[in-house]
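> Listed below are the residues making up each chain.
Protein chains: 2
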Amino acid sequence: MSEIGWSNIEENVAKEAFEKAYQREITTLIEEVRVKASAIAEIKDMWILHDFLSARRHDIDGKYEYRNSVLIFVFARLVKEGWLNINELEGLDRDKLAKITALARM
Amino acid sequence: MSEIGWSNIEENVAKEAFEKAYQREITTLIEEVRVKASAIAEIKDMWILHDFLSARRHDIDGKYEYRNSVLIFVFARLVKEGWLNINELEGLDRDKLAKITALARM
Chain X
1 MSEIGWSNIE ENVAKEAFEK AYQREITTLI EEVRVKASAI AEIKDMWILH
51 DFLSARRHDI DGKYEYRNSV LIFVFARLVK EGWLNINELE GLDRDKLAKI
101 TALARM
Chain V
1 MSEIGWSNIE ENVAKEAFEK AYQREITTLI EEVRVKASAI AEIKDMWILH
51 DFLSARRHDI DGKYEYRNSV LIFVFARLVK EGWLNINELE GLDRDKLAKI
101 TALARM
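Going line by line, the protein sequences match chains X and V.
Just so you know, we're using full-length UniProt numbering here: the first sequence kicks off at 1 and counts up by one.
Just so you know, we're using full-length UniProt numbering here: the second sequence kicks off at 1 and counts up by one.
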C-alpha cells in the first residue's frame, strides 16, 4: 500500500483533512486538560493528570505522522476515532477511500 | 551526621514540620498547575505544562524523604526554600537547629 501515488489534488485534500483532525483533537484535549486541572484537589490528582498528559503526548506524537506511505492508515484511524468524517476526504480516489473506509471499520 | 539520635519529642516535632511543609508546597503547586492549565491556548503550552509536571514530580519525590539520617538536610532545604520557618522546628535540640540554620544559609 506504500506505493500508492498521490496526485496534487489528493495531497491538498489530505493535508487539509489531516490538519482539521489534528486541530479538533488538540482543541478537545486542551479543554479536557483544563477541566481536569481545575478539579485537582490533592497531589494524587495532579500525578494522574501528569500520567494522562504523558500518555496523550506519546499517542498524539505517534498518530499525526504525515507520510504518504502511512496516510491511509492514519486517516482510517482518525475516521474510526471520530476526528474526521469520511466525507472530508472527498477528492481522494475511489480506491483510497474504499481502503480507508474498510480499515476504519476494523 | 547520620548518627544523630532523635528523641520521641523531636520525632513528633519533625513529623509535624515535615507534613506542614509538604502541604504548603503541594497546595502552592496545585494552584500553580490550575493557573497554567487555564492559560493553555495551544498544544505547545500543554507540553510545557507536561514538562513542568515531570520536573516538579521528580523534585518533590526526591525532596520529601522522611529518613532520620537525611532529615537535617531536608529541613535545611525546606527552610531555605521558604516552605518551613525555623521557628516551626522548635523542640529539636540546639545542635540540630544550629546545623539546620547553618545549612539553610548555604
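Hint data in this document are derived by calculation from the structure and do not stem from the laboratory.
There's no promise every hint is true.
Because identical chains share one entry, a pair is satisfied inside a single copy or across any pair of copies.
[Stated by the list, open to error] Restricting the straight-line Cα-Cα distance to at most 25 Å, the calculated cross-link-like pairs of lysine to any residue (SDA-like) are: (1) 20 / 40; (2) 63 / 26; (3) 36 / 104; (4) 15 / 47; (5) 99 / 9; (6) 44 / 77; (7) 36 / 55; (8) 99 / 70; (9) 44 / 54; (10) 44 / 34; (11) 99 / 57; (12) 15 / 52; (13) 96 / 27; (14) 99 / 29.
Please read these numbers as outputs of a predicted model, since none were measured by experiment.
> Does each hint fit the structure? Answer for all of them.
The hints, checked one at a time:
Taking the shortest Cα distances, residue 20 and residue 40 sit within 25 Å of each other only across copies (19 Å), while inside one copy they are farther apart (31 Å). For the identical chains of this complex, residue 63 and residue 26 are intra-copy neighbours only, at 12 Å inside a copy versus 34 Å across copies, given an alpha-carbon limit of 25 Å. In the homo-oligomer, the alpha carbons of residue 36 and residue 104 never lie at most 25 Å apart, since the shortest distance is 30 Å inside one protomer and 36 Å across protomers. Taking the shortest alpha-carbon separations for residue 15 and residue 47, only the inter-copy value of 23 Å comes in at or below 25 Å, while the best intra-copy value is 36 Å.
With identical chains, the CA atoms of residue 99 and residue 9 are at most 25 Å apart within one copy only, with a shortest distance of 18 Å there and 73 Å across copies. Proximity of residue 44 and residue 77 under a CA criterion of 25 Å is satisfied inter-copy only: 23 Å between copies versus 32 Å inside one chain copy. With identical chains, the CA atoms of residue 36 and residue 55 are at most 25 Å apart both within one copy (15 Å) and between copies (19 Å). Proximity of residue 99 and residue 70 under a CA criterion of 25 Å is satisfied intra-copy only: 12 Å inside one chain copy versus 62 Å between copies.
For the identical chains of this complex, residue 44 and residue 54 are neighbours both inside a copy (15 Å) and across copies (14 Å), given an alpha-carbon limit of 25 Å. Taking the shortest Cα distances, residue 44 and residue 34 sit within 25 Å of each other both inside one copy (17 Å) and across copies (14 Å). Neither within a single protomer nor between protomers do residue 99 and residue 57 lie at most 25 Å apart by alpha-carbon distance, with minima of 28 Å and 44 Å respectively. In this assembly of identical chains, the alpha carbons of residue 15 and residue 52 never lie at most 25 Å apart, being 28 Å within a copy and 32 Å across copies at closest.
For a Cα distance limit of 25 Å, the shortest separation of residue 96 from residue 27 qualifies neither inside one copy, at 28 Å, nor across copies, at 53 Å. For the identical chains of this complex, residue 99 and residue 29 are neighbours neither inside a copy (28 Å) nor across copies (48 Å), given an alpha-carbon limit of 25 Å.
Violated hints for the displayed structure, listed by number in ascending order: 3, 11, 12, 13, 14.
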